[in-house]
Structure formats: C-alpha cells, structure tokens
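Position chains B and C relative to chain A; hints supplied.
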Amino acid sequence: MDWTAYLPMLWQGAVVTMTITLAAIAVGIVFAFVFGVMRVEGGPILSTVALCYTEVFRGTSLFVQLFWFYYALPLVGLSFDPVTTGILVLAAHAGGYGSEIVRGALSSVSVQQLEAARALNFSRLQTLFRISLPQAVVEMMPAFGNLAIETLKLSSLVSLISIADLTFSAQSIRNITLDSASIYSVTLLCYFAMSLLLMVGVRLIERFVRRGNAFPRAAHS
Amino acid sequence: MHITKIAGLSALALVVGIASANALTVDEVKQQAYIRAATANEVPYSYMQPDGTSAGIGPDVATAVLKSMGVEEINWTVTPFGTLIPGLKAGRFDFAAAEQNISPERCKQVAFSEPNSSYGEGLLVKKGNPKKLTTYADIAKDPSLKVAVVSGANNVDFLRAVGVKDEQIVFIPANADAIPTVQSRVDAYAATELTVSELAKDQANVEQVAPFTDPIVNDAPVRNYGGFAFRPEDKELRDAFNTALVEFRKTDEYKAILGKYGLSEQSIAAAAAKNVADLCAGK
Amino acid sequence: MMYGYEWDTTTWLTYATSILPIILIGLTVTLKAAAAGFAIALVLGLVFALLRRSRIKAVSWATAFVVEFLRDTPLLVQLFFLYYVLPEFGIVLPAFLTGALALGLQYAAYTSEVYRGGIEAIPRGQWEAATALNLTRRQTYLDIVLPQAVPRIVPAMGNYLVAMIKETPVLSVVTVLEMMGLANMISERTFEYLVPLTMVGLIFLLLTLICSALLHRLQMALPKAGIPMR
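Heads up: the protein sequence lines correspond to chains A, B and C, in order.
The opening position of the first sequence corresponds to residue 1 in my numbering, with each subsequent residue numbered one higher.
The opening position of the second sequence corresponds to residue 222 in my numbering, with each subsequent residue numbered one higher.
The opening position of the third sequence corresponds to residue 505 in my numbering, with each subsequent residue numbered one higher.
In isolation and in its complexed conformation, chain A is listed as follows (with noise of 0.2 Å):
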C-alpha cells in the first residue's frame, strides 16, 4: 500500500482540522456566553437580537451558512479568506446551539440564590457574574462537550470551501491514487482519534471547573 507516502500531507490536513475545530470552539463559546447572557439578562431588544441569531444559527444548515457567507456575501463586498471565514461560520453555528445551552443553565440556577442575592444587595452584572454564572458552568459542561466533538465533525464541511483540512486532504490523495477503501478508511480513524482526544481534553477541563474554589458545586436545594 504505497499510501503511506501521502502521510504528511494527510498530517497536515489533520492539524489544519484541529486548528480550525479548537479556535472555532473557543471563539465559539464567546459568542455563546454574549447571546446567552443576553438572551437571559437582556432587555426586550437585546433579547431578540439574541433570539434571532439563535434561530438563524441554529435553524439553517451549517453547509448553507458555509456556502453563503463564502460565495453571496463577498458580491456585496464583505469577504474574509476561506480559512478565517470557515471558523467564524462554523463558531457562529456552535455558538448558536452554545447559547441555548448557556441559557438552559443560567435558568436552572435555583430562585434562591437570585432573591438571597438581591438581599445581599448584588447588583445585577455582580449576580451574574459571581452567583449565576460560577454555578451555571458546571451545568454546562456535558452538554459543550459533546458540541465540542460536534463542531470537529462539523469543520469536515469546511473542505467543501477549499481549505485544506483532513477530509480535503483525504479527498486529494484520493483523486490521485484511486485507492478509496484505505485513505477513507485511515481519515476515519484519524477523526475518530480527534474525537477521543477532544472528550478527553474536556473530561479534564471539566474536573478542574468542578475542583476550583471559584466554582462552588450548584447548591441543589
């Protein structure tokens, strides 16, 4: 199988995918937590803004949001490279599941904590940020994991924009040798291994969010 010569570039796709997935998450939970947080704490405009992104975000196809943003959006003059255009969409799309899930968790805060504040005189943005959100994030981190693998399985579909991850690479050692069985075969263990690897990273960042002092076990009473 003389396949393995085409390892590097194979390699290569790979980091690419990982790059694009691990700052596609990142600037994903940023938009997360903004819409979330304004979903929540917003007022009535605010609010909606946060609503519509979340729907559009989350109600259209990340391959639809990929092509539009990469081919109709620079025809009226905003374009950015394939690959920062590739991460913003797939963030976008993240982000927009990502701001549920803040919002489920923000929700789930108990009542008490809220009015036990607002006794302590907390302000709002006070409340937010050392009552609600320490104990909302433990909430969340099951749930942003698993949106975490979805968004490596997602980044696949930037290879349809031409940049040159994983499943482009796959797909070029492919158009040359032929040889579909084994090139398709070792991409999918190389996501899968991905796959293994990002459940771990968030295993770990999931003990530590539950050991640290900042973030108290959510008080279920």
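If you're looking for bench data, these hints aren't it; they were derived computationally from the structure.
Misleading hints may appear alongside valid ones.
[Stated by the list, open to error] Pair ranges (Cβ atoms, derived):
# : chain 1 : residue 1 : chain 2 : residue 2 : range
1 : A       : LEU204    : B       : ASP272    : 48 to 58 Å
2 : A       : LEU196    : B       : ARG444    : 26 to 36 Å
3 : A       : LEU197    : B       : SER485    : 28 to 38 Å
4 : B       : GLN270    : A       : LEU46     : 46 to 56 Å
[What the hints assert, rightly or not] In silico DSS-like links for lysine-lysine, alpha-carbon gap of 25 Å or less:
#  : chain 1 : residue 1 : chain 2 : residue 2
5  : B       : LYS362    : B       : LYS348
6  : B       : LYS347    : B       : LYS329
7  : B       : LYS456    : B       : LYS471
8  : B       : LYS367    : C       : LYS561
9  : B       : LYS347    : B       : LYS386
10 : C       : LYS536    : B       : LYS386
Where is the CB? At the ideal position from N, CA and C, for every residue including glycine.
Chains B and C only, in chain A's frame:
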C-alpha cells in the same frame, strides 16, 4: 420608503465604489510580488502535484508569461470547476488558469485572455465500450444510458444540444470522481478529449472512446478554446497579460509546453488563429 | 426585513420567483432523503440499543464501539466511504440510497443512545413485576417497556429528525439533487449566488420552525403513561 431606497442605493454605490477602487493593476501585482491563481485539478489542463507545485497547460504557460511580466510567485488555490468564476468574482483569487472554454455566456461574467489552447470533446467509458458509443448523440438515442459531467463545465450544453435528456445527466463535483463513477454508476463521462485520454491512461477498467466524433452543434463540430479568466474590472492586468501571452505564443517554449501535454500541431495553430473578441461574440 | 423586500422589486424578485419551483422540487428530494434516513435510524438505533443490552459481553462491547465510532466521525467522510468504497465490493447503491444510508447510520448512533436512555429510565419495579408475572422477554418489551419509553423519547427523536433535515445538503457532494445541490447548480450557471442560497436558507429555517411546532404539538398529544403497542 424613499429614505430607505436612497440609503440602500448609496450603500450599494459605496460598496461598488470600494470594490472597483480595488481593481488590480500590474504595478500592484509587481509590488506585492505575487499573484493568486485558481485551478480545478483537471489533468492535463491545470492541476496540482502532490508536492504542492502546479502543473498543466494553463499553469505552465501562466508561470512563463507572468515571469516575463516580472511576477515570479503564484499562489495556487484548488477549487471545484463550477466555482472558478464565482470565486474569481468574489476576489478569492486574481485569475483562473483552468483553460476554461471561452464562451459568450462566460464572457459576460469575466474578462478572458486570448485563447491559449484548443480542444475537442471526448467520452470515457467502461473497458470494451459495452454500449458501443462513438459520439454524444449515441447517448441521446438510448434514454436508459447515463452520462456524467463535471458541474459547471459546458460539456452539458453540448449534450443537451444533441438531445440528451436531463434525467440522463449526472453532475459530479470534480474530474477525478469520473473514474469510479464510470466504473459503477454511469455509462460514460463527457469531457474534453485530453481530459479523457489522461484519465484513461494506465486504467484497466475504463477507456477512451476511439474513434470519436465531436458533437455537431449549430451545423459545425464543436471546438473549444481555453483561456485565462480575469475579473472584468482588472482590464489593465488582463491586457498586460495578453500582450505578454501573445509574445510568448511565438516562442518555441510555448509549443514545447503544449506538445508535452499532448496537444497536436493543428490544435496549437487553431488556438492562435482565433481571437478572444470573436469567441466572446460567438463566432 | 422590509428593507430586503424593497430590493426585490428589481430583477431579483423575478429571479427568486423563477427559481422557486426548482428549489421546491429539490425540497421534495430533501424531505424524502430525510424521511428515508430517519426510518433507517429509528430501526437501526433500536437494534443497536438492544444489542448493547445483550448479556454476551463481546456483542455488547462491539456494538458500543461501532456506535461510538459512528458518533465521533464526520458524516461527510462516512458518506464518501459508502459512495466510493461499497462499489469496490460490488454493492452499487444509487446515490439517493447511499445518502439515506449514511444519514441513517450516523443518526442510528444518536437514536440508540436515546432508546437506551428511555429504556433504562423505566423503573426496575416494572421489570421485576414482568418477571413475577412470567412474561417472556418479547412480551415484556412489547407490552411494558416500549410503550412507556416512547413518550419519553419522542422529544429527543424529533430533534434529531430536524437535525437530519438540516444535514441533507451534504448529499449534494455525491450527486444527489436535493435543495442545496440544485441551488448551487443554479448559481454556477447564473453566477449569482445570493438569491438561491438565501432562499434555501430561509426554507430550512421555515422547515425547522414548522417541525419544532409540530413536535411540540405531538408531545402535548402523547399520553404520559404510555402508548399501548397492541
């Protein structure tokens, strides 16, 4: 309503203004010392090699011509054939070197260079040509036959012109998918003669149809003329490229490049005989 | 969006209205593919879930591995695998079926987890009572376990159906002419991407909203205690 219309139009004018102010000039290209090109990975017209360098009729000629213009570095992007023109218009690259056929339809969207190569059509079929196909019209005769075409390529127009029905046509995303598709899903793959001969090389399961008759469209056998595509607003760049290209066409190096990829003396002469203005007008 | 409407009074509106029939045809393919894929996912997911609960360790672990593998690898690559590799072994499925199979496999991994969760949520008392009443495994599942599990799992299953509809555009890379593939083809011919892509995006959004509303209604209508299977 009025205000929104005015605001909208001014925004559009501003955007268009910004966009056209960014027309790429030769000096700008020389200053940044590189130019961005696109290929659709179609051997032998324009493709990337595993080591990352470009090769093919288009890239080799483009590299030589640009060198004579003082531009040494070309950054290549691989993009599906159907997205070459949209990508060009979206500013993702500065020219397309995929030897696309210069058609009146495409001329409305992009500014082509003078023709660089000329080629006829071809069919890729299973080994042994079980359906005994010799031309596109044979596919039209049997409605149960299926033929594959790359999405965005104009071979589909020729197929339709000789009577092939839409239900018979399967669109594949890239040229390289042709071999597995012909092996198990369709009866033939319609593309240019060179593309097909390259695909069929050293393949045990597929072969090029020979002898093959070019489809007759508008009472004449089809002949394609491949060229380089630029954005309409980059006229200065295109004209500078054209001047250099026409000069380069007179050299032996040019003939050597085209000959290396399988183009015959006649097709090289045929390309030189046409000019882009005529082709865009449909002559 | 009134501003957007203003734009449409130029040729964009005629463009949009003229390609609408084509897009709708693509929509029927999209829905058919999602329906076929979901049917496969429902059946296969149940098979996976039951195999996971098998008492034979080897079967249980093998199934767990397969399910995890399907869940953690991209749909796009699985689709390429099925489309290009199966013919090498002599199995040439039409593109549509290949796509439905790929969707079905990927989502079977998700639905098997939902089934498992639903079945495991049945209180132990129910299982013990079934044993005490001398019911066979088949009777236990059909008359006790599944009827109670179904209302619990409907919300999650419904969400996966909606998610699957939104993943159908992937099928366009293996020549299936669903909505997004058609929009791309139109755009490649007219060189105008904005209108078709926006239309497709909007239709997906509408689909999602309608399906979510229908799902909500279904949830309300289901009896909480369970649905008798026969």
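Hint by hint, which ones does this structure get wrong, listed from lowest number up?
-> 1, 2, 3, 6, 8
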